[in-house]
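Using the sequences plus the hints, can you model the full thing?
Each chain, written out:
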Amino acid sequence: MLVLIYHRYLQSLIWLFIIILFSCNDAEYQLDNEFDPENLGLEPPTIFFHPSEFDPIEIGRKDTLELYSYEVTNAAGAHLQVEFDAEVITINAVEYGDFFMNGSSGPIMFTDPSVFTEEQNGTLNIYLFYQPSLSSASATGTMSMAKIIFTVTDEGSAPIRYTENTVLRNPSNDSITLNKFGEGSINATQ
Amino acid sequence: MVKYNKRIVFVYNLFLILFVSILTENAMAAERIDWKGNKPKTGNRLAVLEFSSEGLSTPMRNLITEQFRHNIRKLKMYDVLDSSMTNKVEIFYPGEKVYGECKSRGCIMELGKLLKVNYVITGTINEKKREYFVKGKMYSIDLEQEIHGFSMENVTAVDSVRLEMKKLAYNISGLEVPDTLTIDATNETLSFNSMKIDKKERRLITLPNIPSKVKSLLYSTVVPGAGQMYSKRTYTGLGIFGAEMIIGGLALLAHSNYQKSWGGFQTTYENYKKEDDPGKLIELRPDIIEYANDTERYNTFLKGLRIAGASVWGLNMLHAYIVGPDDIFVRRGDIGTFADASSKPRMRAWDVLSGFGIRGAILRPFFKGTSLSAFSTFTDGGYSIVTPIGLYFGTVFTSLTYESSNYSFYSSDFEKNYMGTSNTIALSFDLSKKILFGGSNLRKYAFLGSSSFDEGKGYVVGGDLVYDVSTFPLSFAFISRANIVNTSITGKSMWVTLGVNVGLDIP
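Quick note, the sequences are listed as chains F and B, same order. Quick note: the first sequence uses my numbering, first residue 1, plus one each step. Quick note: the second sequence uses my numbering, first residue 1, plus one each step.
By construction, these hints were calculated from the structure, which means they are not laboratory data. On a predicted model such as this, the values are computed, not experimentally measured, just so you know. It cannot be assumed that every hint is accurate.
[To be verified] With a cut-off of at most 30 Å between alpha-carbon atoms, the simulated DSSO-like pairs for lysine-lysine come out as follows: (1) B:Lys116 x B:Lys273; (2) B:Lys232 x B:Lys113; (3) B:Lys167 x B:Lys103; (4) B:Lys232 x B:Lys103; (5) B:Lys416 x B:Lys280; (6) B:Lys213 x B:Lys137; (7) B:Lys273 x F:Lys180; (8) B:Lys273 x F:Lys62; (9) F:Lys62 x B:Lys274; (10) B:Lys213 x B:Lys113; (11) B:Lys444 x B:Lys368; (12) F:Lys180 x F:Lys147; (13) F:Lys180 x B:Lys274; (14) B:Lys116 x B:Lys128; (15) B:Lys137 x B:Lys76; (16) F:Lys147 x B:Lys167; (17) B:Lys128 x B:Lys167; (18) B:Lys416 x B:Lys492; (19) F:Lys147 x B:Lys273; (20) B:Lys280 x F:Lys62; (21) B:Lys434 x B:Lys444; (22) B:Lys280 x F:Lys180; (23) F:Lys147 x B:Lys280; (24) B:Lys103 x B:Lys74; (25) B:Lys74 x B:Lys167; (26) B:Lys76 x B:Lys129.
[What the hints assert, rightly or not] One side of the interface only, derived from the structure: several residues of chain B facing chain F at Cβ under 8 Å: (27) Tyr269; (28) Glu270; (29) Tyr272; (30) Lys273; (31) Glu275; (32) Asp276; (33) Pro278; (34) Gly279; (35) Arg285; (36) Tyr291; (37) Ala292; (38) Thr295; (39) Phe356; (40) Ile358.
By construction, the Cβ of each residue, glycine as well, lies at the ideal position given by its N, Cα and C atoms.
Now the structure itself:
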């Protein structure tokens, strides 16, 4: 009974001698998660698509693509212009992400086109504005700025990229210097 | 047939004898004893070694030995060495049944030379079923041999033993025993040659005798320092044992920290592998690297401790074998006590610091309140400084103590933690004179203090059981602490820790 009561402490004592005799394992790890921005070959601060590559999506299926900031600091607004292959995908909707959230206040967002029909020209403009408060006027970090919900309409590989018109601005309306943007690709199958 | 001239043969033989005598003259001279200038001298200095005993109390044994010395001294045939002088030299001789005793002829000769005496008396007093048996031998150190043996059997009372010992004193001094001493005597004094040979006990299984050196090695292999203690190197043994304990304590502490880092690493790395949010991945990345680095750091430290621990262990084994009872070890005089050191008349820095002490501790919570029930506990370290600053409340000395200890609690997913350092100013109540169990070497303290935690203030109550290692200023203690704290994270919390500490006091 006594042995049972002191089992844990007895165990600790045995551990003590084992510890003296043997050392423990070293932590071995590989930071190779495919979604880790550091594995995308990008230099922050920049913006990228998440995921950058999709598993093949069947025609007619819906999916979501996120537009991510990567260690962007002091951003008060953004104009994200995205080019895509309108023959392969059709955009159904755009939602804002967490990056431009100020507490519970979401950002002001416009899109062009504002209404998503089946006739699309392959360019999407998203305008996001941070709603400042007394304590905060800008956003910083690696987060989702916006989500694009799309439907695959035809077979093929559809690259998706930010255009040169894409810009992020700070509270003083100065543009934030960004490094090379990340690119994405959507594969559609039958 | 050859004929020899008798005269020629005679002259030839004469020359041959002369030649041989010239050749061997020097060799003969070397072996010759010159009795004229170097008459063999022997003094009358006698040492009576403490009699060993079985079934007799030590004071009684000492009394009988001392009276025996006194009796011989009174007869003025020998210059008997005082007991304090005799006991001043301790000799550890190989081959003794009990290491540290001096019973063999070789040891007695060695001891006699060290004591610079001409004769040594050694003996035993045994008590079996209220009957006393005394056996002894007298050795001549100059002649390097036993010169007298004596024994008494079936003496039925201690007083009779004392009387018989008186008679022995006469016998050894070569004097006739006065008749007045023979009243109630029931002994027979036997010569050494007629002494009975003890019947040897028969054993069914006889194990081979393990040499003392190997015994010492085996003891130290099992418990570091034990072989040294067996070889009468108590302080060295305690030092080695203490060193291994300190290394073990540090290893335990390092392992606890390793476990924290390893747990954190595993959790964050698993999350990293499963996560698909780049934002969260970028947050997990530095945590993984930090936990991995910490794990490696603690592991390296553990490896270092392992080498240190194994080295100390190995050296301890080697040392135990070297100092094992195969060589003569002589300890002369009294090493003195720390009390003597502090009784020096001149005031020194040492005296000013006297009474202060420092203790290093390892602690682990074994009970925690509901606010911490979702957290796991870990072993942490701490230290305390004890001071002689205090007051007597009756027999209870209350002194001021400062204690600093770490605490750490982690949630099972390692995402939440509650950790920091508590600094406590406390009163230590010495209850040793109130609670008597454990004797004077085991001090009992109650502990009450006010603590400052990283997240708030609180109180600490507890108790210490401090074991003092003989006259050495080293102590080992078992400690308990109940911490009550009000924090912004957990609200009102409490936990109870148990731990051990090693202390060094300035005597």
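Provide an ascending list of the numbers of those earlier hints which the structure does not satisfy. Structure breaks hints 1, 14, 16, 26, 28, 39, 40.
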